[in-house]
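One-letter residues, chain by chain:
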Amino acid sequence: MGDPRLNPAEYDFIAARRRTEAKTKSAAEKLTSLEDAVGRVKDGNQIGVGGCLFSRTPLALMREILRQRRRGLTLARNLTCNEGELFMAAGAASRVMTAWMSIGLPWGVSKILRHYVETGAVALEEWSHLALGLRFRAGAMGVPFLPALTMLGSDLVGVGGLKTVQDPYTGETLAAVPALFPDVALLHVHRADRFGNCQIDGYPHMDADIARAATTVLVSTEEIISDEETRRSPDRTVVPGFVVDALVRVPFGSFPHECYGLYEADYDHFAEYCAAIDARGPAAVGEYLERYVYGPPTWSDYLDLFGGERMALQAKRAKELTG
Amino acid sequence: MGDPRLNPAEYDFIAARRRTEAKTKSAAEKLTSLEDAVGRVKDGNQIGVGGCLFSRTPLALMREILRQRRRGLTLARNLTCNEGELFMAAGAASRVMTAWMSIGLPWGVSKILRHYVETGAVALEEWSHLALGLRFRAGAMGVPFLPALTMLGSDLVGVGGLKTVQDPYTGETLAAVPALFPDVALLHVHRADRFGNCQIDGYPHMDADIARAATTVLVSTEEIISDEETRRSPDRTVVPGFVVDALVRVPFGSFPHECYGLYEADYDHFAEYCAAIDARGPAAVGEYLERYVYGPPTWSDYLDLFGGERMALQAKRAKELTG
Amino acid sequence: MTGHFNASELLAVIAARQLRDDTTVFAGVGVPLLAAALAKRRHAPRLTMVIEGGIIGPQIAPGRLPVSTNEMRAGHRATMLPGITDAFLFAQRGFVDVGFMGGAQIDQYGNINTSVLGADYWRPKVRLPGTGGANDIASLCREVIIVTAHEKRRFVERVDFVTSPSWLRGDGSRKAAGLLFGGVSRVVTTLGILGFDPESKRMRIEATHPGVSTDALRQNTGFPLLEAPRIEITEPPSDEELEMLRALDPERRFLG
Amino acid sequence: MTGHFNASELLAVIAARQLRDDTTVFAGVGVPLLAAALAKRRHAPRLTMVIEGGIIGPQIAPGRLPVSTNEMRAGHRATMLPGITDAFLFAQRGFVDVGFMGGAQIDQYGNINTSVLGADYWRPKVRLPGTGGANDIASLCREVIIVTAHEKRRFVERVDFVTSPSWLRGDGSRKAAGLLFGGVSRVVTTLGILGFDPESKRMRIEATHPGVSTDALRQNTGFPLLEAPRIEITEPPSDEELEMLRALDPERRFLG
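Residue numbers (my numbering), protein chains in the order written: chain A, 25 to 347; chain B, 25 to 347; chain C, 4 to 259; chain D, 4 to 259.
Please note that the accuracy of each hint is not assured.
[What the hints assert, rightly or not] Restraint-style ranges between C-beta atoms, simulated for each label pair:
| id | chain 1 | residue 1 | chain 2 | residue 2 | range |
| --- | --- | --- | --- | --- | --- |
| 1 | A | T48 | D | R221 | 34 to 44 Å |
| 2 | A | D60 | C | G225 | 32 to 42 Å |
| 3 | C | G225 | B | T48 | 48 to 58 Å |
| 4 | B | D328 | C | E254 | 51 to 61 Å |
| 5 | D | G259 | B | L337 | 21 to 31 Å |
| 6 | A | P320 | C | P227 | 29 to 39 Å |
Derived from the structure by calculation, the hints contain no laboratory data. Beta carbons: idealized from backbone N, C-alpha and C, even for Gly.
Okay, chain A solo, but in the shape it has when bound (with noise of 0.2 Å):
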């Protein structure tokens, strides 16, 4: 037990909650710019990212990174989609700590995970899905760790360096599963008011343990709404803003994934992006990036990529399934 790849780190409750009680906790506006929002993330940072697979993905958060050209970065995230994939083959994240990558069954097992991860270029460290949720729980919480009955017996505990612990109540031995307090914690959501109070509809996904877990925290939001509304609806807030940094407005923030009731995923978009890997490999990714990342400055000169016609027939299709 106890593998290099398990950074002491990640799990150090003291030092996370240190740089905690560092930050001013203020009830301040939180109003910025993508630009300005993602300059907060250094070469070498652990990144917890939200949503799950290729749902709430924070794309215009990543993108941003991709363009400041952030390198060495570890992203955690429980099921990754092709987010990872431009990571890896932007240079930009040297680890990969997840349960699962690819885009989803239909599209199979992804290539660019293979090549990067086949080839040790980067590091993929497996966790269990409930066991990586709980990580970030146990963050959430400022403990060091949380017991579990999932993941014993595995060959995923010598993976990721999975400890035991005795309980001292019935001497039983259960997983003890390390806390992880990520550097960032990337978020896109429904709605937030312009101090940061973050409201999320559908799928909860981890992302109010991962901002909790986090020191630095960056939001993008579908849509700014007014003081008012927050408080008609407290019960509806789920990252309170004196846990945000800096809150961007990104209408479709998240596309081509999907954001719940408001747009569905692109799967035609997945199908081009791995055709063109079947056809040329690796480096269709890097055209990719080019045309997708590197090329169009702004969010909306991306969407326009997509344009306004597939972005309003996946919104309609939202509609159907959650109306």
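Start from chain A and add chains B, C and D according to the hints.
What follows is chains B, C and D alone, placed relative to chain A:
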């Protein structure tokens, strides 16, 4: 450490899981009467009570327990209000597990609490607010304990028999808050469909954790909604139907306690109740039990003692505060 | 096997029959979810589906089957959306009767590998997508049923990597590892139904599909199979079952 | 002390001044909550209140002050209602700068008793209501400020029962008990402001209210008080402060 009052059955996660495994977890209809629902409560049971203090107390269910003359119960509730006094005075509860008990600051220290605890008739086992919350949460998670940084160093440690645990990663010593798996959970919610899917407005309190921690779950609801309505707002559901054993429709089911957004607590009633105790001592609670609990055969008869006018006023006040 | 249905249809129908009414099932996307949806429509109306995306009680829309556990299609008309972590915690607490999952590589003790092929985890010969929720379902549900195509390359004596633990190395090793509950009870394949010897926890033949010999099962399995005291022959899918199943996937996204 | 304000008003005003802008405060109902509301209105507009009922960012309605932490009045116009357990977990994670609490019995190390008077916990001489969230606030906030009337019967050498731990027995005993963070920094009373000696963690006089002598403080305290190197004299409540405070509690429910 290891006070005899900390009963191993409370945190035996293996036995608790076996009980849950043995239960039918069905999407069947759960609607029934108060009498039938409460018939599932046995003498000596440990009961987790939803809501907090005078908010969303499951009073209709609790009144029925008193009417069925159960004995030797343990009540576990974070802040215990006059429902705890009724259970003490009726001889129904021999033990109360709580962080605080009285009605509220303006009404002073509960004389009933003092009477029954100072004479040794009832054991009051005190846990910190968070620790008791974590006891329910550990139960809900199916683990025997949760690590925490609270309650350490205080004399509460000896009362409940709190133990510590060493974090296997950092070596630090933390509180190991033991799980609590109540025999029965009692909840009062804003709305539920007939299959037992429950939704709550405003304060969530600890109801979701208490329901998951318990073996048997009894719910009263202000309103029955259609299956369609549940499915229109699934992100509002906090207890899934398969967890619920019995469901009863009881409008004003917490009165004279509050139900967020629907009716405010009746402070005047508390004042009258306390004045009677000030005047006649614990015997006043016996009179109260006759008048409000044993006398009126139905909940509707009970509500008639308050009168429609007062209930309408409390409903109006709730709207003003939350509208 | 008759020509009236294909392998995926057979799998889905036989898998659906394993589910009882008044229970809960943790189902992965693809054939497991289709099977659960079929069971609910046909014989288990009070079955509740749980999906690892954090979804309880969805009603899958025919023709809009989800391809992931975390998208709107998976949560269509759900009754609750508790989030991913809490969905698994319901299983840890004992609220999920059956876990329904697929598998890339499976061994004679029912252990599954969906992580890596090859000996070096960090430099694998083939990197697979990973566990997703499979490890948790295998660890936490009261009982696990694996649903998979029966191919020799899948049924291997020893998996390269135990992603999702079943009986580990048999002989109480599951419990000794701290997995106090559950375990794989059955493996529903395109050729038959496999179970486990109560003592050794090694895989055994419990039923064959019509027209499939036990020899055919053995020839398509990379390790010796034990036999149950009595080997049943499964009932072929009925027209009613096939009709209901096909109505769920008119685009034949998972039925092929 | 002039005749223009009473003891509760003095306490609330001096307590309010302890809070800085751009911070978070965990406030109990009564004078602590009034003080936090006053600070927010007067000099700390970006202060966020957290209430143990599971409330973040409420705007207390003048004339409808909450009497408990769990009622609609406490959550009036809140920005978030995370639930009780999660409200405390924000504090455990380090998100709460200041805990603001009262206390029945307090000792020279700042430990508080709100549980029992008498030697036998199970058969107490006087059973008090209990900790509520006080133990957690004392354990988890970055810094704790106690707000209380200054009476000899309250300031005792040794509390009968440590409900809410501050410095325990001094000399690193807090940290040794596993309380790695926080601790009581100040005690705001009706006579002055007390702090703690950095080494011994015993209580010391840091400021007196106008017209109050250090002797008067000592006479109303049941144990010897140390003195800070320099003892300040507090500014009396201004008309502006009093006006704002009184507007919050026109019924004088807590201001008496």
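Query raised in the report: Is the gap between the beta carbons of C/G225 and B/T48 within 48 to 58 Å?
Result: Between C/G225 and B/T48, where Cβ atoms are some 39 Å apart, the hint is violated.
Query raised in the report: So the hint says 51 to 61 Å: do the beta-carbon atoms of B/D328 and C/E254 match that?
Result: holds (60 Å)
Query raised in the report: Is it true that the C-beta distance of A/D60 to C/G225 lies inside 32 to 42 Å, as the hint says?
Result: This hint is violated: roughly 57 Å between Cβ atoms.
Query raised in the report: Do the Cβ positions of A/P320 and C/P227 conform to the proposed distance bound of 29 to 39 Å?
Result: Given a distance of about 59 Å, which is not inside 29 to 39 Å, the answer is violated.
Requested in this report: Take the C-beta atom of D/G259 and the C-beta atom of B/L337, compute their distance, and say whether it sits inside 21 to 31 Å.
Outcome: holds (27 Å)
Report task. Take a look at whether the Cβ-Cβ distance between A/T48 and D/R221 falls inside 34 to 44 Å. Result -> Holds - the Cβ-Cβ distance for A/T48 and D/R221, about 39 Å, lies within 34 to 44 Å.
The structure is inconsistent with the numbered hints 2, 3 and 6, although it conforms to all the rest.
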